[in-house]
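Chemist: Sequence:
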Amino acid sequence: MLTRKSAGAPAHLSSSRLSRSLSGMLAKTIDRRAFLKRSGIAAGAGAFASQLPFSMIGKAEAAAEKSGSIEVKRSVCTHCSVGCAIDAVVQNGVWVRQEPVFDSPLNLGAHCAKGASVREHGMTEHSHRLKYPMKLVNGKYQRISWETAINEIGDRMLAIRKESGPDAVYLVGSSKHNNEQSELL
Numbered sequence: 008m009l010t011r012k013s014a015g016a017p018a019h020l021s022s023s024r025l026s027r028s029l030s031g032m033l034a035k036t037i038d039r040r041a042f043l044k045r046s047g048i049a050a051g052a053g054a055f056a057s058q059l060p061f062s063m064i065g066k067a068e069a070a071a072e073k074s075g076s077i078e079v080k081r082s083v084c085t086h087c088s089v090g091c092a093i094d095a096v097v098q099n100g101v102w103v104r105q106e107p108v109f110d111s112p113l114n115l116g117a118h119c120a121k122g123a124s125v126r127e128h129g130m131t132e133h134s135h136r137l138k139y140p141m142k143l144v145n146g147k148y149q150r151i152s153w154e155t156a157i158n159e160i161g162d163r164m165l166a167i168r169k170e171s172g173p174d175a176v177y178l179v180g181s182s183k184h185n186n187e188q189s190e191l192l
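The sequence shown begins at 8 in my numbering and counts up one residue at a time.
In case anyone wonders, no lab produced these hints; they're calculated from the structure.
By construction, the Cβ of each residue, glycine as well, lies at the ideal position given by its N, Cα and C atoms.
One should not assume that every hint holds.
Straight-line alpha carbon distances no greater than 25 Å define the calculated DMTMM-like cross-link-like pairs of lysine to aspartate or glutamate that follow [said to hold, decoys possible]:
| no. | residue 1 | residue 2 |
| --- | --- | --- |
| 1 | LYS73 | ASP38 |
| 2 | LYS138 | GLU154 |
| 3 | LYS138 | GLU170 |
| 4 | LYS138 | GLU159 |
| 5 | LYS138 | GLU78 |
| 6 | LYS142 | GLU170 |
| 7 | LYS73 | ASP94 |
| 8 | LYS169 | GLU159 |
| 9 | LYS142 | GLU154 |
| 10 | LYS121 | ASP110 |
| 11 | LYS121 | GLU106 |
| 12 | LYS142 | ASP110 |
| 13 | LYS80 | ASP110 |
| 14 | LYS138 | ASP162 |
| 15 | LYS121 | GLU154 |
| 16 | LYS121 | GLU170 |
| 17 | LYS66 | ASP94 |
| 18 | LYS147 | GLU159 |
| 19 | LYS66 | GLU78 |
| 20 | LYS80 | GLU127 |
Pair ranges (Cβ atoms, derived) [what the hints assert, rightly or not]:
| no. | residue 1 | residue 2 | range |
| --- | --- | --- | --- |
| 21 | LEU43 | GLY100 | 53 to 61 Å |
| 22 | VAL179 | GLY90 | 16 to 24 Å |
| 23 | TYR139 | VAL179 | 41 to 49 Å |
| 24 | ALA123 | ILE37 | 25 to 33 Å |
| 25 | LEU178 | ALA69 | 18 to 26 Å |
| 26 | ALA156 | VAL103 | 52 to 60 Å |
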């Protein structure tokens, strides 16, 4: 067998068997037979690795039973105006989970994507969502009561209406909006 010597190194040292096989495996183009061979090698390596004693994912274990009262409260999803029914699971006064209501004629036991995320989307205690009304006084926000907030907003809207006419206030609403977006002025 004739081999060609590369410059500066003996032929048997210039490229090892491993580097030759790797360069063949990493070719820029691939035919069907090579693809099937490499897929088989990858599948075999994956099957072998899955049997090794270490694991990145541990076995699932059931959560410990939590103490406290658990209530299921029937409610309505607030993410649109359809009115799908949900069962809110409340533990120690905190909404911890929700399930769709299977006997509801509207959602027939299903959630849409918005409804499925209603609890996680701003309804938790770690949310950045406002939980009570705030009023800007001298450059700083102060907490006010709901009654005060509703009265101030109503008085302002009536003053605008009196000053500028009944068409001065415009309310926007859509079933594609959540409740907060539907209350835009």
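Chemist: Look at each hint and say if it fits the structure.
Modeler: Hint by hint, here is what the structure shows:
no.: 1; hint: LYS73 to ASP38; result: violated (58 Å)
no.: 2; hint: LYS138 to GLU154; result: holds (14 Å)
no.: 3; hint: LYS138 to GLU170; result: violated (32 Å)
no.: 4; hint: LYS138 to GLU159; result: holds (18 Å)
no.: 5; hint: LYS138 to GLU78; result: holds (22 Å)
no.: 6; hint: LYS142 to GLU170; result: holds (23 Å)
no.: 7; hint: LYS73 to ASP94; result: holds (19 Å)
no.: 8; hint: LYS169 to GLU159; result: holds (15 Å)
no.: 9; hint: LYS142 to GLU154; result: holds (13 Å)
no.: 10; hint: LYS121 to ASP110; result: holds (20 Å)
no.: 11; hint: LYS121 to GLU106; result: holds (13 Å)
no.: 12; hint: LYS142 to ASP110; result: violated (42 Å)
no.: 13; hint: LYS80 to ASP110; result: holds (15 Å)
no.: 14; hint: LYS138 to ASP162; result: holds (22 Å)
no.: 15; hint: LYS121 to GLU154; result: violated (30 Å)
no.: 16; hint: LYS121 to GLU170; result: violated (40 Å)
no.: 17; hint: LYS66 to ASP94; result: violated (30 Å)
no.: 18; hint: LYS147 to GLU159; result: holds (18 Å)
no.: 19; hint: LYS66 to GLU78; result: violated (30 Å)
no.: 20; hint: LYS80 to GLU127; result: holds (17 Å)
no.: 21; hint: LEU43 to GLY100: 53 to 61 Å; result: holds (60 Å)
no.: 22; hint: VAL179 to GLY90: 16 to 24 Å; result: holds (19 Å)
no.: 23; hint: TYR139 to VAL179: 41 to 49 Å; result: violated (24 Å)
no.: 24; hint: ALA123 to ILE37: 25 to 33 Å; result: violated (42 Å)
no.: 25; hint: LEU178 to ALA69: 18 to 26 Å; result: violated (49 Å)
no.: 26; hint: ALA156 to VAL103: 52 to 60 Å; result: violated (29 Å)
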